[in-house]
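*Asks:* What follows is each chain in one-letter form.
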Amino acid sequence: MSTTFNMAAGNGAAASRWVVPIAGDSLTLVRKGRTLLDRVTLEIDGRGAVPTIIGPNGAGKSVLIRVLAGLIAADSGRVLWAGLSPDRDRARHVGFVFQRPVMLRRSALANMTYPLMASGIARDTAERDARAALDEAGLGHLIDTPARQLSGGEQQRVALARALLLKPGVMFLDEPTANLDPSSTAAIEARIKAAAEAGLHVVLVTQDLKQARRLATEIILMHQGQLLEKTPAKSFFERPKTPEAQRFLDGQLLL
Amino acid sequence: MSDVWRDAVALLLEFDGDLIEIVGLSLTVSLTAVGLSAAIAVPLGAFIATHQFYGRSAVILLVNTLMGLPPVLVGLVVYLWLSASGPLGSLQWLYTPAAMIVAQTILVAPILTSLTRQAVQDLDAEYDEQMRMWSVGPLARATTLIVEARAGLATAVLAGFGRAIAEVGAVLIVGGNINHVTRTMTTAIALETSKGELALAIALGIVLLVIAVAVNAAVMVASSRGEPEAGLRAP
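Going line by line, the protein sequences match chains A and B.
All the letters of the first sequence, read from the start, carry residue numbers 1 to 255 under our numbering.
All the letters of the second sequence, read from the start, carry residue numbers 1001 to 1235 under our numbering.
So here's chain B without its partners, still in its complex pose:
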């Protein structure tokens, strides 16, 4: 094993202070962003799924388009909002974790909204006649559909988290990659690699990979719980 890899493994095994701090900040920022996104996107997606209104198709098209937003573009827009001369400059959030959370929330919310709408809409079509026969009101119906779509929503949340934790462009622009303040796994990897300090970059890459595997495994579990085949009862 080369020195770089040995150093990287040593950093992991020793729970290196800098490494733990960077991983901790990354998780905090991304989990907070996903939580905020979910709070906005799940009710919004459920609303779009269960209501007919003027411009609905345009809203769906817009949300689907926003799913593919380039992170650097989001970073730029949030930067302009939060910069001293921007409309939210007085908050003084630029180059703080709060700015990174805002950027990641904007990146993740369309994904969660779109996936929630799809999951809830599919169920709504399936349950529609039965719910109407039971005279279930609109609010109770939407709440029930969200609960019933939990497997799909869990998958959506995990997909959103995957996007947030792996994203680099937006957090780099609005966070600034400041040591001990706004340095995340992805920005640290970019910086350390450019400096030729590969050990920390590799160690962080391994952590990122482990998180990606864990997220995907969780998605598989969540999906498999969603829809057992009728008639295939376990003995």
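Same shape as in the complex, but just chain A:
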């Protein structure tokens, strides 16, 4: 099977071998005199696991996954996808769901088909797959609705379904349920969990500790641009290693 075919088809689990493991080596990023990432080194692997990056506002969580996803270049250090530097072709295998979903000014269905067709898939196939994905996400009745007229929760569910439809090798989720109501949050968490259980590599960023308890298999605690702790979720919540982690769990302000 050729590389080109794989990239166009984006065949899910197989796609992960192009990008996983994702590693960051001594990633440092400074903007306007502020250190956003400070020598962060980590490796993300483990199919079916949900490594979850938590930390207070401004800790560098969103910046970190943008650097890992190849959206922002670090000032120093390097990112490796499956041992190689990120490139545009393999970026197709990296999914990203933003805190604020990016909805094109067209129908929900057209929002789903756009990235498929941009990756070379024929319209008929793209529409068939997109309809099935929207049905599966419980959004089949909104297929023809202009996406920007959907509620915030519906837009995020479309964004998640759209990202999954591309069958990425790894999926980054940047606070996907921030500001959403409980039912939308539950729907999105269920989809994330199912995708992870089906073998997708998921990296979640959240500020919601309850959500981290529900979904995380591993906790990556960020604070002031530094990676403080990378621990299996169970032990993190039961016996955090650092005083900062304990204070964060206790709901105290981290300075």
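No wet-lab data here; the hints were simulated from the structure.
Where is the CB? At the ideal position from N, CA and C, for every residue including glycine.
If a hint is listed, it holds; no wrong ones were tucked in.
Straight line, CA to CA, 25 Å or less: simulated DMTMM-like cross-link-like pairs of lysine to aspartate or glutamate:
(1) K167/A to D1128/B
(2) K32/A to D1122/B
(3) K193/A to E43/A
(4) K167/A to E1126/B
(5) K1195/B to D1007/B
(6) K32/A to D1128/B
(7) K32/A to D1124/B
(8) K167/A to D89/A
(9) K230/A to E175/A
(10) K167/A to E127/A
(11) K241/A to D38/A
(12) K234/A to E189/A
(13) K210/A to D250/A
(14) K230/A to D75/A
(15) K234/A to D45/A
(16) K193/A to E136/A
(17) K32/A to E1129/B
(18) K32/A to E1126/B
(19) K230/A to E218/A
(20) K167/A to E1129/B
A few chain A positions that, by computed beta-carbon distances, are all more than 10 Å from chain B:
(21) L42
(22) S107
(23) G199
(24) K210
(25) P243
Chain A is fixed; fit chain B onto it per the hints.
*Replies:* Below, chain B alone, put in the same frame as chain A:
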């Protein structure tokens, strides 16, 4: 109602031949100029919006400045180009509708370029990360942004048309206001008023006003379709 107003209304209701001819020429010239401007300005505006290059700020400043070009100045420049001794004199376009189209195209293109750049640039900032995650190439990205900015572009085109149809200085200089050849609504109003023949001037003024209202109504519709609030789905 005074005689002048009664005559003006009569001209409108009778679809007076001269009046229809003048309105038809005005619309033809302005619509053609707007079409040509759009063909140049939309890709150009999208290019400026989506590319970083040396001198970009200067180009944006220049285009924004050209938005306020005085029509008589454009008329003068086009006149000099097209006059018998000018560089394009051999075309023999002076005092023809073609000359008026050239002048109006030059007037409208900066407006369309600037408004296109603004509309596309705003969207580009919003879509940037998502487009990069989808590995969308530069050409596909620019095309998508133009389609996505359609409401803003429609507003820009209508604004450009409004400027063209209401403009008098440039078309007067390069068209010459020749009866049955280059007489537009605005030049006819100026001439008829100066002659004291107010009925045709008023009738044309009413048509111009109706067009202005229609254009503004279209701008409102185009704008309102642009950006529905998230979460406000119609029942």
